[in-house]
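Take the sequences, apply the hints, and build the full model.
Residue numbers (my numbering), protein chains in the order written: chain A, 1 to 430; chain B, 1 to 351; chain C, 1 to 309.
There could be a bad hint or two in this list.
[As the list claims (entries may be wrong)] DSS-like cross-link-like pairs, simulated, lysine-lysine; straight-line CA separation at most 30 Å: (1) A/K218 / A/K415; (2) B/K342 / A/K189; (3) A/K415 / A/K189; (4) A/K308 / A/K325; (5) B/K149 / A/K415; (6) A/K270 / A/K58; (7) A/K189 / C/K18; (8) A/K122 / A/K143; (9) A/K143 / B/K149; (10) A/K140 / A/K322; (11) A/K366 / A/K143; (12) A/K143 / A/K428; (13) A/K51 / A/K270; (14) A/K415 / A/K50; (15) A/K46 / A/K428; (16) A/K143 / A/K356; (17) A/K145 / A/K369; (18) A/K145 / A/K184; (19) C/K18 / A/K218; (20) C/K179 / A/K270; (21) A/K322 / A/K97; (22) A/K188 / C/K18; (23) A/K184 / A/K308; (24) B/K149 / A/K140; (25) A/K211 / B/K149; (26) A/K369 / A/K51; (27) A/K399 / A/K428; (28) A/K46 / A/K308; (29) A/K415 / A/K375; (30) B/K149 / A/K218.
To be clear, the hints were calculated from the coordinates, so they are not data collected in a lab.
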Amino acid sequence: MRSRYLRIGLALTAVAAVAMMVVALANSAGPVGSGTASATKATCGKGTGKKATGTPIKLGGIDMLIPGVDFTTIGKTANAYFQCVNDNGGVNGRPIKYTLYTEQLNPAQEAALARKLITSDKVVGVVGNTSFAECGTNWKYYKSKGYVVIGAGVQAECYSTPSFAEVNSGPRYSNVGAAQALIKAGAKKLAIASPDTISAYADGGPALVAKSHNIPVKIFPTHLPVTDATSQLLQMYQFAGDGGGILIDFTPDTAPAFMKAAEAQGIVDKVLWGSSTPIANTFMSGQFSPTFDGHLWIDNEFSNVDPKVGPDSALMFQILQKYTKIAPQAFAQMGFLDAKFAVNALLSIKGPITAKSYNAAVRNLKNQKSDILCKPFYVGNIPYHIPNNTNIIVDYKDKNVVVRTGCTDFQAVDKAIAQTRKWEKQFKLN
Amino acid sequence: MSSLSELLDRGTVVRAAVAVTLLAIAIFVLPHIAGSDWITTFTSVAIYSVVALGFGILYGRAGMISLGQVALLTIGCWIGTRLAYATGLPFPLLLLAAGAITCAIGVLVGLPALRLSGIYLALITLMFAGATTVVLSVTDFPNGGGGFKGRAATGALTTSTPPVRRPSWAEGDVAYYRYTVIVCVLLFLIALVHIASKPGRAWASIRESEPAALAAGVNITLYKLWAFALASFLTGVAGCLLAAQVGVPRAITFQTQDSLTLAATALIGGIFSLWGAIVAGVFNQLLPFLFQAQWGVNPNFLLIIFGVGLLQVLLTAPGGLADQFPKDMMNLARLIVRGVRKLVPVKGTAS
Amino acid sequence: MNHVLAFAIFGVDWQFLKPYIVIGLAFGGVYALSGVGLVVLYRATGVLNIAFGAIGAAGALIAYYIVNHTSWPHWLAYTICVVFGGLTNLAYGMIFGPAFSRRDALVKMMGTLGLALILLGLMAWRAPAGGAFARFLPLGTTQTRYTILGTSVSLTQLIALLLAFAITATVTAFLRFTKLGTAMRALADDREVTAMLGVPVRRVEAAAWFGSGLACGAAGLLLPDLLTSLDYSALTFLVISSLAAALIGRLRSLGATLAGGLAVGVAQAILSPYTSVSAYRSAAPFVLAIVALLYLSRHRVVTVSRAAG
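This is how it looks when you write it as structure tokens:
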């Protein structure tokens, strides 16, 4: 009797497990970008078309991977670029070997992985890092070893230490861009919401911008996961008032809660909606267009995800298609740029490629142009790096993302931005 | 039940010798054969072993389950960070202060919860963990600023904040690892002294049967609070060690569910033995490193392993790995001996 | 007169709080539904199943896959989600229930923690999160909206509330008045004695696990819509907040759990307008649960646990 029930139970468990495993959910990434790739004018590395042989050049990266957030898309795209370079002559005939580690938002693990890359795997450079906490954990270690990491950042330490040069602007400055745009569009008050763990940093920037224009501003730190978006939204609307600005700084798994609540409460067209970059993609526009058409001022740190934008964008589409199963998206743009600039640094080295020479080359990076960025990327020998400080503003239209305003500098109300602009002029960085 | 005289019996001496040998290897040999990535991981293994030890004292010894130990670790980390920036106290005093304040908080939290037990105690501690996570994600960790919260608005910082300081002679990875191991050993010794003397016996009797303990004249309230106090002190000190190891602690890295995974790994390691706490630390901190960096296995498998391990421990091996592994080894040894005896008949007996 | 009443609560305008109370009741349905499901399971099987959220999330993921990657009708996807909840609970109960039957409630709960971790690991492995996209499982009923006291509420939110009420009423009556229900209560209380009394223990257990599993699946189907996104990690650990509602009901009274869930929802929502505490309002479920537990245990002196460990 007992064994019969046990068998039934096991069978049911097996059914449940199989149902889950068979369901191939792993590849339900967002929609593939539209448009065919234009004639490739950009190349991977030297573009020789010949496979690189020879001693591999070792690079490494650390990306965060937790149930709920997966930054490894960035590292995987970077790896795809490296593979393309390897198929095109490599760096002086040598292929690049990229090791990508994942970390689960555990600082001790982040520290261990950085040490493994540098002392055990002996990589000459670290590139492609993105995490909620790694910049803070490892900046001092990277500095002590003389490494400069090209990656994409979220935390303050990614933009306030010498160890990181990020290709993106980060939430603070992306919010600054959105806030400026909202104020220019006529918002008389500004309500800002970010995840509470980064709110002080991320919302400080736009608050400064608002204050410089004498516009009342109120910050709403939001605990994730959001359960009561509606009540917070009503509060924000109450503060901003009709014609006011509501600035939300969330990723596509949280922002919809506020956007759908706005739809439900009928306030979409009563306020001006601003946002940082994460919702500037066709997945979100597919969901929220046409309701939000014309009502959004999204600060986009990169160009539209479209191969027609330019040769780098076209190359990115090609690389993604050839070497990965990743759909074109902002994370892919970050990984592409990380890898491109790392390779440019490698190609600029005259002598032997060592950790010292690579990182010196990284520090010497200047005027690195790309159609994915508004202004050229640079690193420079400066105490901190905010190279991406000019963004575009986009909106939704007919289920697509369209450009509202072209490249606009961030207002230099923030001391860090003001200082960065001075350095750019002084050292002719871009 | 053990007393000082029983401690000195042969089995204990052997165990102590093994412990000292392993400790010597950990401090003197490991840094030479393992790279700094391993050493960093071992440091956090030591720290989380202490946290598991606190959990084990509460649950394994005194029968009180706390699903909020990582919340206490976070609090200890916060206090250590704040004091490190605000004062010039030497590092050992920082540890003591963090431990003492966390101890006070643990007692304050434990006091009203004393009447609860079993599932209700587990749930109230989980609720405490949840509330702490929310408060901390708004407040975040100090970073050298002023005021009670000690967190300067980062916009004002144009250069980076120094990380939480370490003892002046233990700044580097290896030195700090050694320092941490020594402190953790001291913490384990403190726990051992408690277990081997009166509080340990009181806890054992409370765990067996509260009414009987009460009838026997054991001051239940006092000893329960003592268990909370000890566990909180240990966890607080561990938190301060963690603050200096991490350097820039951030609220986002401490989640409510970490208390649950800690409970799972503590149970898997074994709550009835001090060795179990070390095994728990290994599961909690070393395994993820091995999976990621050494074997290239998807880290999500760890969750599955923890879940399966937890079920196994609860059903068949309540003493966890620390209890089961020696037994399994003994069984294996017996099997081998029997096998050998069968193959090699003893001289003089019929084959 | 209205103005006098207006200042009755916290010295703040009652009119001002009205929309938040409505919102709080509406999304309190989330906590109420999950909390009631948890307590139903607990009362029928003696197990506080903290894999509740994970099982629901897994069912929702399967429904998501069916809706987005096959051409099967949506109602089939939803049905599969609910039935998946029932089957998974049943499987767990049949395999592990008897093994845990002699242990105390705490150990039984820790066992379900194991299940939750396994499910979360499986989901994270097979359905990794992306950066540029999120998963949604919108239900058709969300399109229908009603304006209550000036605030827009969706039909789905009302269904969640009504479902919580319906489950509370039906299960309370079922457990009290039917033979099977009484057998379930006896089983949850003492399996050995119940078996000795000739109750078909295995069958009753199976019914209990499956039935309460259906509630789990139903909550799993509704939650992604109510929270807008299908974030299985968040859904798995949302059970901790739902536990708050269950604790307010002392893990016994379904009615109190229902009320507790609504109270938690309202408390969280009405803290929104008060700037000084608004950022901390997500702690409302936890704080309320702690207060409830402490208040309810104020008379206890010693505790007797059935089996040590």
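We went through each hint and held it up to the structure:
Between A/K218 and A/K415, the direct Cα distance comes to roughly 21 Å. Compliance with the 30 Å bound is thereby established for this hinted pair. Between B/K342 and A/K189 the alpha-carbon distance is near 89 Å, which puts this suggested pair outside the 30 Å criterion. Restraint check for A/K415 and A/K189: satisfied, since their Cα atoms lie roughly 23 Å apart, inside the 30 Å limit. Restraint check for A/K308 and A/K325: satisfied, since their Cα atoms lie roughly 21 Å apart, inside the 30 Å limit.
Taken as a hint, the B/K149 and A/K415 pair is honoured in the structure, with Cα atoms around 24 Å apart against an allowance of 30 Å. Simply put, A/K270 and A/K58 have alpha-carbon atoms about 54 Å apart, too far for the 30 Å limit, and the pair is violated. For the suggested pair A/K189 and C/K18, the alpha carbons sit about 24 Å apart, so the restraint of at most 30 Å is met. Distance hint between A/K122 and A/K143 is fulfilled; the C-alpha atoms sit about 16 Å from each other, no more than 30 Å.
At most 30 Å may separate the alpha-carbon atoms for a hinted pair to count; A/K143 and B/K149 meet this at roughly 28 Å. The suggested pairing of A/K140 with A/K322 is violated, with an alpha-carbon distance near 37 Å, which exceeds 30 Å. Taking the CA atoms of A/K366 and A/K143, the gap is near 20 Å; set against the 30 Å cutoff, the hint holds. Restraint check for A/K143 and A/K428: satisfied, since their Cα atoms lie roughly 24 Å apart, inside the 30 Å limit.
Pair hint A/K51 plus A/K270 does not hold up; C-alpha atoms about 57 Å apart against a cutoff of 30 Å. Taking the CA atoms of A/K415 and A/K50, the gap is near 48 Å; set against the 30 Å cutoff, the hint is violated. For a cut-off of 30 Å, the pair hint linking A/K46 to A/K428 stands: about 26 Å separates their Cα positions. For the proposed pair A/K143 and A/K356, the alpha carbon gap of about 12 Å is at most 30 Å, so the pair holds.
Among the hinted pairs, A/K145 with A/K369 is consistent with the structure: their alpha-carbon atoms are about 28 Å apart, no more than 30 Å. Restraint check for A/K145 and A/K184: the C-alpha separation of about 44 Å exceeds 30 Å, so the hint is violated. For a cut-off of 30 Å, the pair hint linking C/K18 to A/K218 stands: about 22 Å separates their Cα positions. Taking the CA atoms of C/K179 and A/K270, the gap is near 58 Å; set against the 30 Å cutoff, the hint is violated.
For a cut-off of 30 Å, the pair hint linking A/K322 to A/K97 stands: about 18 Å separates their Cα positions. For the hint pairing A/K188 with C/K18, the CA-to-CA distance comes to about 27 Å; that is within 30 Å, so the pair holds. At most 30 Å may separate the alpha-carbon atoms for a hinted pair to count; A/K184 and A/K308 meet this at roughly 29 Å. Taken as a hint, the B/K149 and A/K140 pair is honoured in the structure, with Cα atoms around 24 Å apart against an allowance of 30 Å.
Distance check on the hinted pair: A/K211 and B/K149 sit about 24 Å apart at the alpha-carbon level, within 30 Å; holds. Between A/K369 and A/K51, the direct Cα distance comes to roughly 26 Å. Compliance with the 30 Å bound is thereby established for this hinted pair. Pair hint A/K399 plus A/K428 does not hold up; C-alpha atoms about 40 Å apart against a cutoff of 30 Å. Taking the CA atoms of A/K46 and A/K308, the gap is about 22 Å. The hint holds against a cut of 30 Å.
For a cut-off of 30 Å, the pair hint linking A/K415 to A/K375 stands: about 20 Å separates their Cα positions. A threshold of 30 Å between alpha carbons decides the hint, and for B/K149 with A/K218 the separation of about 21 Å falls inside it, so the pair holds.
The structure fails hints 2, 6, 10, 13, 14, 18, 20 and 27 (numbered hints given earlier, in ascending order).
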